[in-house]
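One-letter residues, chain by chain:
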Amino acid sequence: MSSPVIKSFWPALVLYAVKTIAVLVIALPLFVYFNEAFGFSRLADDLWPVPGGLMLAEFLWSSRDLFSVIILLSLIVGLLYFLIVQFIYGGICASAFDIDSSPKQGFLEACGRYFKGFIKIAITAILPYIFIISLGDLIGRFLSALFTIVLGETAGWIVRLVVILLAIFILAGYLINLRFIQIQNNNSSLRFAIASSKKIFGKLKYFLALNILTGFMTLASMTMLFYVMILITRLEFGLIAFLLMLAVQQFMIFTWSYFEAFQINLNVKLFKE
Amino acid sequence: MKFFYGFNIRSFILHLLMLSILILMSGYGITVKAGDLSSELPADYVIDAVLDTSSRMLYGHESARFYNLTNHSLDVIIFHLYPNAFKDTLTLMASGSGRIKAGIIENPGYIECDSITIDGCQPDSIRLEETLLYLYPAKELPLSSISEIKMQFKIKIPELIMRYGYDDNGNYLFSHWHPILAGYQKGKPVVFDYSVNTEFFSNFSNYRVNLTLPENFMLASTAGIAKPDSVFDGNAYFSMSAEWVIDFAFVCGPAWTVKSFIHDEINISLLYLQKDENKLIELKKAITGSLDYFNDKLFRYPYTDFIFVDFNPGAGGMELPGMVIMPFSKGRRGKWRLPMTAIHETAHQWFYAAIATNEANEPWLDEGFVSYLTDRAMEQIYGQATMIDRWGVKVSFTDFSLLAVRLAKTLDPLVTSSDEFHGNSYFLNVYGRAAATIKTLEGVLGKETFDDALKDFAINYRFKHPDTYDLQESFENGASQNLEWFFDSYIFGVARVDYEVVSIQSSKLTKASSDDAAHSEYYETVVEVQRHYEGILPQKIVVGYDNGETAGQDWNGEEKYKLFKFESETPAIWAAIDTGYCYLIDENLANNSRKAQPESLPVFSFASSLGFIMQMVFAVLGLL
Numbered sequence: 001m002s003s004p005v006i007k008s009f010w011p012a013l014v015l016y017a018v019k020t021i022a023v024l025v026i027a028l029p030l031f032v033y034f035n036e037a038f039g040f041s042r043l044a045d046d047l048w049p050v051p052g053g054l055m056l057a058e059f060l061w062s063s064r065d066l067f068s069v070i071i072l073l074s075l076i077v078g079l080l081y082f083l084i085v086q087f088i089y090g091g092i093c094a095s096a097f098d099i100d101s102s103p104k105q106g107f108l109e110a111c112g113r114y115f116k117g118f119i120k121i122a123i124t125a126i127l128p129y130i131f132i133i134s135l136g137d138l139i140g141r142f143l144s145a146l147f148t149i150v151l152g153e154t155a156g157w158i159v160r161l162v163v164i165l166l167a168i169f170i171l172a173g174y175l176i177n178l179r180f181i182q183i184q185n186n187n188s189s190l191r192f193a194i195a196s197s198k199k200i201f202g203k204l205k206y207f208l209a210l211n212i213l214t215g216f217m218t219l220a221s222m223t224m225l226f227y228v229m230i231l232i233t234r235l236e237f238g239l240i241a242f243l244l245m246l247a248v249q250q251f252m253i254f255t256w257s258y259f260e261a262f263q264i265n266l267n268v269k270l271f272k273e
Numbered sequence: 001m002k003f004f005y006g007f008n009i010r011s012f013i014l015h016l017l018m019l020s021i022l023i024l025m026s027g028y029g030i031t032v033k034a035g036d037l038s039s040e041l042p043a044d045y046v047i048d049a050v051l052d053t054s055s056r057m058l059y060g061h062e063s064a065r066f067y068n069l070t071n072h073s074l075d076v077i078i079f080h081l082y083p084n085a086f087k088d089t090l091t092l093m094a095s096g097s098g099r100i101k102a103g104i105i106e107n108p109g110y111i112e113c114d115s116i117t118i119d120g121c122q123p124d125s126i127r128l129e130e131t132l133l134y135l136y137p138a139k140e141l142p143l144s145s146i147s148e149i150k151m152q153f154k155i156k157i158p159e160l161i162m163r164y165g166y167d168d169n170g171n172y173l174f175s176h177w178h179p180i181l182a183g184y185q186k187g188k189p190v191v192f193d194y195s196v197n198t199e200f201f202s203n204f205s206n207y208r209v210n211l212t213l214p215e216n217f218m219l220a221s222t223a224g225i226a227k228p229d230s231v232f233d234g235n236a237y238f239s240m241s242a243e244w245v246i247d248f249a250f251v252c253g254p255a256w257t258v259k260s261f262i263h264d265e266i267n268i269s270l271l272y273l274q275k276d277e278n279k280l281i282e283l284k285k286a287i288t289g290s291l292d293y294f295n296d297k298l299f300r301y302p303y304t305d306f307i308f309v310d311f312n313p314g315a316g317g318m319e320l321p322g323m324v325i326m327p328f329s330k331g332r333r334g335k336w337r338l339p340m341t342a343i344h345e346t347a348h349q350w351f352y353a354a355i356a357t358n359e360a361n362e363p364w365l366d367e368g369f370v371s372y373l374t375d376r377a378m379e380q381i382y383g384q385a386t387m388i389d390r391w392g393v394k395v396s397f398t399d400f401s402l403l404a405v406r407l408a409k410t411l412d413p414l415v416t417s418s419d420e421f422h423g424n425s426y427f428l429n430v431y432g433r434a435a436a437t438i439k440t441l442e443g444v445l446g447k448e449t450f451d452d453a454l455k456d457f458a459i460n461y462r463f464k465h466p467d468t469y470d471l472q473e474s475f476e477n478g479a480s481q482n483l484e485w486f487f488d489s490y491i492f493g494v495a496r497v498d499y500e501v502v503s504i505q506s507s508k509l510t511k512a513s514s515d516d517a518a519h520s521e522y523y524e525t526v527v528e529v530q531r532h533y534e535g536i537l538p539q540k541i542v543v544g545y546d547n548g549e550t551a552g553q554d555w556n557g558e559e560k561y562k563l564f565k566f567e568s569e570t571p572a573i574w575a576a577i578d579t580g581y582c583y584l585i586d587e588n589l590a591n592n593s594r595k596a597q598p599e600s601l602p603v604f605s606f607a608s609s610l611g612f613i614m615q616m617v618f619a620v621l622g623l624l
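Those sequence lines, one after another, are chains A and B.
1 is the number of the first residue of the first sequence in this note's numbering; add one for each residue after it.
1 is the number of the first residue of the second sequence in this note's numbering; add one for each residue after it.
If you are wondering where the hints come from, they were derived from the structure by calculation, not from laboratory data.
Idealized CB from N, CA, C, for every residue including glycine.
Errors might be hidden in some of the hints.
Unchecked claim - If you want the footprint, here are the derived chain B segments under chain A, 3+ residues with CB under 8 Å:
#: 1; segment: 350-362
#: 2; segment: 590-600
#: 3; segment: 606-612
As the list claims (entries may be wrong) - Short, incomplete list of chain A residues facing chain B, as computed with Cβ under 10 Å:
#: 4; residue: Trp10
#: 5; residue: Phe31
#: 6; residue: Phe38
#: 7; residue: Arg42
#: 8; residue: Leu43
#: 9; residue: Trp61
#: 10; residue: Leu66
#: 11; residue: Tyr81
#: 12; residue: Leu108
#: 13; residue: Cys111
#: 14; residue: Gly112
#: 15; residue: Ala125
#: 16; residue: Phe131
#: 17; residue: Val228
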């Protein structure tokens, strides 16, 4: 069995590709419209690194009719994305579990096999997410207030955000484990998965360590890349600045996808050790 | 006497005694300090009032002197009774807002007047119409005569609604609270019912106000921070006077701490709640910076005291003569809300308090200039005019004005009464579109000429009540040019504007030199400009070259379509009108410039950044 570090690479590519394709579907008509409306205008020079106020006001006004179309398109694409990702998770989780040794054929087959159960988990997860985000926010506010007093307002905001994101990562880890239970028992019942998840609590420290570690690694990587992005915005606009920005932005998305896959490959250890 | 004191007989007798003494004093020649009344200062008031916090009532006596500034005798004296706007749900005020209506149902407010006399006689008749009180004297008031009107009043104070009432901290705000003589503008009375969008109009007056408050109360007013003359039996007795003010406003309550300082000989006091103590440095910078700026651009601050009160008036901030009421805490609009509101309300000390335009009939005159000047002052103080600052995107009020022009749809002239704007477009027109129109006028005149004309207007109309015609005349004199076309089109009228640079084409040509032997090559750039609507603005067509040089031609902007030719050694790469983005009433700024070749990189960069944000949203969605 290869290490999660290596094993997470190709699922990350798949997850990244899905995100990128989904966004291209939405962004391409937007780009065509932008180019038509602002491609010849000097006002567009005020788009880098963030749009100026006048440009933003002009953009909001001139594209007001486009908003409803974009929102509708985003909802449709968002729904499709949600279904496709749940489908793909079947293959990624099965692969993490080493269920199939023939990657290509086995991957798609596994996607289809676990789709039903995974969808149940994902839909049901909405409520716990609302709860955990609220809880994270509550704790985050408390800690934020403390950090604000000591280190200032920005530190307070960062602490609040970090607490919320860590709460999300812990819940995401639990959901991954539910999926593994379904795979392990070849049973798509959500109730069964939740009932069987008691054994995770037996290894609670290990579970928390794995998922908080993943959360911290993700946040640290994203923060570093974010600061690189900030540095790039200080460059004078041109092809190089644009390409650098595009590369960092896409690397951030890939990094996030990588840690999504990495979290899956780490959590499988709870079942194998 | 209808006053009701249903408690503490000792306190009642004391109040009664104090009130009686003050009434007697006012009847025996105690007058305000200023000299006789005139057409510019046509009223003065002596008011004695007692605040009863247990019943939320204010009991008082008013002696008002009124100078007949019209050119004829008068058979009626009109007072505004603003507190009656909160009397019941049938008032014009209640019909304008569900929130206010709910507030009135919960806790109404009103004013009742009694024992009214005019020059010692009872009026022939009295007519009360919602917020207006008409008194018909037994004999007409001759031209240039002074009449003295006395009355007792009691005010039921509502929970804070629109500049008036008490809040949860037990603090009170009183503006336009007592019976106020209807103001006159150009010899005509300005009477209106008080509504959600209606602000006030009254003439400059002198005040002497005596207040009895609970002894733990602090008092700040148009006259400054007040110290009690005496404290007795749980009550504090205050006397204050103010001159040349359009209202006597005051706040009182137990919850504030005061920090005072002097800036440029102006006594500035900040009444703050303890939780907002950390905002004082920021606030002080905004206040002193804007005072300096407006002192320089307009005229010197007109009063000796300037007070900021940490109080939520139910709007972002509220201007009162010599006072600003605003919450000091940070709002949803982030770090710039506090300085921006402070500067905006400070600007009102000129455009409202000292240049007292008619806020009911021409609300654009004060709010428009104040909104425009707020951005200018912020640029001066902070190097940037920012209203919203989020994720690196900074939006100024000027940027908002651009949207306001389009959202307001140019349905109403700017000179429209506050209640007559279509739909809910009062705010868009009076603040945003008005500021955009003033900025456009700045573009037409040039900044220096505009500033000179504005200063002339401000100085000429200090302590006066100018209208839009006065503004036009003053600007025409100040700028030495006829501006009738501008005012008729964009202020009294509803002209729409959109100029477009339709195309830019450079061609290489050859021209014979003088000796007919040699030929020189040059580029001719043809720029095609189109005017889409009826609105006309003078334009400068500018073309830019690769080496950074530019060339320009002036155009009166009148033709619907015009070609402009430029000769140069290199082809032009762009053409533009209004390069400084001053003409904010132009409905499409994107088409005000055109590059010879489309440049997709900035657009693609923006689109890819939007795509990145969407990818991040999908990434989080993927966690499900």
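So, going through the hints one by one against the coordinates:
1. 350-362: Result for this restraint: violated, n = 0.
2. 590-600: holds (count 9)
3. 606-612: holds (count 7)
4. Trp10: violated, 16 Å
5. Phe31: holds, 4 Å
6. Phe38: holds, 5 Å
7. Arg42: OK, holds: arginine 42 of chain A within 10 Å of chain B, min 4 Å.
8. Leu43: holds, 5 Å
9. Trp61: holds, 5 Å
10. Leu66: Cβ of leucine 66 of chain A sits 12 Å from chain B, so the hint is violated.
11. Tyr81: holds, 6 Å
12. Leu108: Hint violated; leucine 108 of chain A Cβ to chain B Cβ min 19 Å, cut 10 Å.
13. Cys111: Check failed: Cβ of cysteine 111 of chain A comes no nearer than 15 Å to chain B, outside 10 Å.
14. Gly112: violated, 19 Å
15. Ala125: holds, 5 Å
16. Phe131: violated, 14 Å
17. Val228: At about 13 Å, which exceeds the 10 Å cut-off, the nearest Cβ of chain B leaves the hint on valine 228 of chain A violated.
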